[in-house]
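*Asks:* Next come the chains, spelled out residue by residue.
Protein chains: 2
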Amino acid sequence: MSEKIVTAAMVAIGDELLSGKTKDKNIAHLADMLTTAGIELKEVRIVGDEEADIVAAVNALRQRYTYVFTSGGIGPTHDDITAEAISAAFGVPCEYDDEALKIMGAVYEAREMEFTEARKRMARMPRGAAHIRNRVSVAPGFTIENVHVMAGVPAIFQAMLDWLLPRLETGAVIHSKIVDCPYGEGTIGEGLEEIQNDHSDTVIGSYPKFDGETYSTQIVVRSRDTEAIDRAVLAINAMLSEIKAAKATKVQR
Amino acid sequence: MSEKIVTAAMVAIGDELLSGKTKDKNIAHLADMLTTAGIELKEVRIVGDEEADIVAAVNALRQRYTYVFTSGGIGPTHDDITAEAISAAFGVPCEYDDEALKIMGAVYEAREMEFTEARKRMARMPRGAAHIRNRVSVAPGFTIENVHVMAGVPAIFQAMLDWLLPRLETGAVIHSKIVDCPYGEGTIGEGLEEIQNDHSDTVIGSYPKFDGETYSTQIVVRSRDTEAIDRAVLAINAMLSEIKAAKATKVQR
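Chains as they are written, first to last, in the UniProt record's numbering: chain A, 1 to 253; chain B, 1 to 253.
Just so you know, not all the hints are guaranteed correct.
Pairs involving identical chains hold if they fit within one copy or between any two copies, as the list cannot separate such chains.
[Stated by the list, open to error] In silico SDA-like pairs for lysine to any residue, Cα to Cα no more than 20 Å straight-line: (1) K209 - E3; (2) K247 - V136; (3) K177 - A106; (4) K42 - D32; (5) K177 - T22; (6) K25 - K42; (7) K23 - Q158.
Rather than coming from a laboratory, the hints here were simulated on the basis of the structure.
Computed from a predicted structure; not experimentally measured.
Could you build the full structure based on these sequences and the hints that come with them?
*Replies:* Below you can see the structure in the form of structure tokens.
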């Protein structure tokens, strides 16, 4: 089992995510995919289409985490400013990439579509960046150092991530087990804290559910060590049995 | 028409949002509600249940924006650390609030439920904080200076926001109109950029849609001035008519 820890952050870019016009789908997808791959997503920032905000977010995060993934702002319209912003973040020129122009030009020609100036915008990237290919869109994403720049359209974001992820370094996968608990957090809180203290080789999360009338709880035990998870789950189940027995006694009285 | 500009940021707190276990629902809801109210959401950060990360996010954002809203981490279990983290961010003690203890104690007594130590945790807040009431949960959220701390359970987050929002200062509402465009961004990109340049009293956003085969675009024109929006929409419609006529001529030839 690899014990290496690989971390990541995401910057989701787009005014539409902050105005409520669009519900983001890429954050949850990236979180799922990274967790499965053994990359720990530590922070997400959503920023608008403003260069200074993108630069600040990317520069803060790329120094703290193994990888930074961005979504959005690499299309052909005037509000797509991510390529410029990432170039500014790294202090390198934003240029038309010859290889991208060639690939895209050939595809548009084959489709009898005009390779407009707008479409050519999608070939711009920071000098020295490498392509992120995908099987959906003609235009590539790009990687510069540890920053991976992908599209905002979910189908394209997912296709780019599918291509990229097997090429990245990954670490020990964090496994998890879920215990569905019929009691609210107020009932289990003290017992669960004790169990967390006794099982410090796991991280125990407690997620309240409210159906409009009563509370229940989903307890999630996470660890890189599956045996440690099993030990904590045993302790949680024992606690839940005790609570059940105590409630039964109370009713009989 | 109020010309005041009121801004906001959000910090969504919880390991479960970063592991992919839970799909956040509060960000999109807050974005919708703030936009309608005339508060401009400028940035969102998602962080895990780690005090240093919460403190860093809240302190960075509360100085930049009129308001900061947080979700998550104010429940009764050991992984609910938001009250401590916010207290640390402001450098004040985190204490049991007398009024909260009194209100919550009375409710639990009426329900014949034990006021456990875990439940009492939900009465802790930074010294000097004011309550955010709600019609769903017994435990209050709280406000300290310009930071509003709310629950992560969506039904409770929404109820707290319903109570809070009418009590906040709001600014000029940003209105918007949507133009559904049957062409992809590569076709309209250049024309749209010209229109944006001619209509700098609006912000024109362009959102590609991809149905697995063809692209279309949703064009969104935003402004505090509804007449400015109408002028830009007219120009966009004229451009789309021109493209349509050009395509028809091409087909006939």
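*Asks:* Hint by hint, note whether the structure agrees.
*Replies:* Hint check:
| no. | hint | verdict |
| --- | --- | --- |
| 1 | K209 - E3 | neither (34 Å within a copy, 41 Å between copies) |
| 2 | K247 - V136 | neither (56 Å within a copy, 25 Å between copies) |
| 3 | K177 - A106 | neither (49 Å within a copy, 37 Å between copies) |
| 4 | K42 - D32 | within (13 Å within a copy, 26 Å between copies) |
| 5 | K177 - T22 | between (32 Å within a copy, 14 Å between copies) |
| 6 | K25 - K42 | both (18 Å within a copy, 19 Å between copies) |
| 7 | K23 - Q158 | both (16 Å within a copy, 17 Å between copies) |
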